[in-house]
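Undergrad: The residues making up each chain are set out below.
Number of protein chains: 2
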Amino acid sequence: MQPVLAYETWGELNAERDNAVLVFTGLSPSAHMACSAEDPSAGWWEDMAGPDKPLDSNRFFLICMNSLGSCFGSTGPASIDPETNHHYRLNFPVLCIEDIARAGAEVLNGLGISQLYATVGVSMGGMTGLAFSILYPARTRSLVSISASARARPFAIALRSIQREIIRRDPAWQKGRYPYTAPPVNGMKLARKLGMVSYRSAAEWQQRFGRERSTEETTEEKPFRHDFEVESYLEHHANRFVGSFDPNCYLYLSRAMDLFDAADHGGSLEAACARLELERALVIGVETDLLFPIEQQQELADLLYDVVAEVTFKTMPSLQGHDAFLVDMKRFRPVIAEFFRHE
Amino acid sequence: MQPVLAYETWGELNAERDNAVLVFTGLSPSAHMACSAEDPSAGWWEDMAGPDKPLDSNRFFLICMNSLGSCFGSTGPASIDPETNHHYRLNFPVLCIEDIARAGAEVLNGLGISQLYATVGVSMGGMTGLAFSILYPARTRSLVSISASARARPFAIALRSIQREIIRRDPAWQKGRYPYTAPPVNGMKLARKLGMVSYRSAAEWQQRFGRERSTEETTEEKPFRHDFEVESYLEHHANRFVGSFDPNCYLYLSRAMDLFDAADHGGSLEAACARLELERALVIGVETDLLFPIEQQQELADLLYDVVAEVTFKTMPSLQGHDAFLVDMKRFRPVIAEFFRHE
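These protein sequence lines map, in sequence, to chains A and B.
Per the working numbering, the very first residue in the first sequence carries number 1; after that it's consecutive.
Per the working numbering, the very first residue in the second sequence carries number 1; after that it's consecutive.
Don't take each hint at face value.
To be verified - Per label pair, the in silico range of CB-to-CB distance:
1. B:Ser268 with A:Glu338: 29 to 37 Å
2. A:Asn91 with B:Pro82: 54 to 62 Å
3. A:Val4 with B:Lys175: 40 to 48 Å
4. A:Glu287 with B:Arg341: 54 to 62 Å
5. B:Ala337 with A:Pro171: 36 to 44 Å
6. A:Pro179 with B:Pro179: 28 to 36 Å
7. A:Gln174 with B:Thr312: 51 to 59 Å
8. B:Lys175 with A:Pro179: 20 to 28 Å
9. B:Tyr305 with A:Thr312: 53 to 61 Å
10. A:Asp306 with B:Gln174: 53 to 61 Å
By construction, these hints were calculated from the structure, which means they are not laboratory data.
The model shown is predicted, which means the values in this text are computed figures rather than measured ones.
Positions of the beta carbon are idealized from the N, C-alpha and C atoms, including for glycine.
Could you put together the complete structure from these sequences and hints?
TA: Written as structure tokens, this is what we have:
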């Protein structure tokens, strides 16, 4: 398979070709990290990347790739297999985080970049950035890992496994052979709602919603609908998500996170990290993160302390849990800016 | 509606009729708390209740009631409405925790008990015990609340709302009109798996399962099945649960927990607790509990400190999360025993 890889760039590659920063995304975003002349719509990390932003496109050549296996331009289960002229669907091979990292290296090859200034990864992308740094030690000088980890733990695996089963149990999934005009919407919505529970925090919701009642009425036609505002919030967000993301792609990427274990590279996490040739690393974790708990951020930082000359570990007290890097800009922007101000 | 209420008893009511202890269960157990001459099978709290156990049937007259709305003998949505000769199903009225508490008072009326030595409640039953103590201040001298709270918070509401939606989305649910020979098994299994995630803790699973692989094979027939032991564990437990519990009863009891707010009795939690006439109270919370977090246990204890002469608040470092009261007997037995040794 010769995959298509969709990416966007901001800023200019300098003459020395040493100012490139590659951003690996979480499970669901596209390569559209920030607005640009070509696409002025706001990106998923609009406040973080662009001219004079913490990831400053005046200084750096920023690259953001749509993950291999996703459905926003890069090859994935929803793509057409040129050999059969049919969508891959479940014939797409098992996807690993390392495959996404290798796709990142392909993008750099195409751009003629042999070494990055930095690799930045958020959530699943943090796993990808670590895999990239282990697979290609010479290709990045530094690593920023945000709300990620060196391997998946059983609690996160259980949550993702249930999300996948919710999608698979939707009769509309049809063992992956759903018409693209009629995907398993209910399964995707429910999986997304469960995702929201794991992406945010109990403390945030207590503050935002408390026991506020929903304005939605429960009728005899719709028993057991929504009594509380938090339920309406989940419904609203799930509706926004559904339609944009292909269910089979979701299954593949979700499983890739479960399968990731940096220890596969050498037999232990320590052996894997011994391969790194990083000059600097920044690990950011959030204290309220349920999915990538702060102990795992500490574990990653401890591993890096042993092999990287300059390691910064920041723990954020953000209330927004795993999603904090998308919303708690007041805390995240200065930390990222500081790391990239370095010279 | 004149509900049937199923209960079991252990020990003897003394001549003064003042040694009765009423136990309110969590969402899913029956009244069979411990073995007895009539039913020698092990109960759901076998290590806690019986002769010479912490809840000592040699000293106390123990009563455990199957919750109103449940399906193990007490009237609930799976019962037959004598007026129509059909199962109630969704025609069963909205169930509140207070209804279960009132059913407890009915049981006491039938037994000729005007005042309990203690009310003991676990999880949902702790909410019920608090409701009982607020509704009938003169009917209990003490209260034991284990892994419960004075009201539901949005994080727990969200999880339970998703569980209910999972069941409702199972086509076999048929808007509650499923044949009792073919209930929505897949929905119930998935809801139970999500329940397990909220009942245990990430730390426990990390210790028990780590990244151990499942022996179950993923085949082409069953793509996206189980790669990890934690997934097989969930499957095993979900299979055990399904079949024993009626889906509509589950929906009613689950919603009752969301709806409970002790502040409904007087306008605030403080006003509600001002009604209490308890001599003693014991609040037990578990530090790893996701569903009834330790802050909520602290909140309840603080409320009781203001109005009850003797309050004990115990925080348990158990790894087993919300379920610890069922499994961490080494920690729970001595605390319960100590409370009931009191004279």
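Undergrad: Hints first: check each against the structure and report whether it holds.
TA: Hints, one by one, checked against the model:
no., hint, result
1, B:Ser268 with A:Glu338: 29 to 37 Å, "violated, 45 Å"
2, A:Asn91 with B:Pro82: 54 to 62 Å, "holds, 57 Å"
3, A:Val4 with B:Lys175: 40 to 48 Å, "holds, 45 Å"
4, A:Glu287 with B:Arg341: 54 to 62 Å, "violated, 40 Å"
5, B:Ala337 with A:Pro171: 36 to 44 Å, "violated, 51 Å"
6, A:Pro179 with B:Pro179: 28 to 36 Å, "holds, 30 Å"
7, A:Gln174 with B:Thr312: 51 to 59 Å, "holds, 56 Å"
8, B:Lys175 with A:Pro179: 20 to 28 Å, "holds, 26 Å"
9, B:Tyr305 with A:Thr312: 53 to 61 Å, "violated, 43 Å"
10, A:Asp306 with B:Gln174: 53 to 61 Å, "holds, 58 Å"
In summary, the numbered hints that this structure violates are 1, 4, 5, 9.
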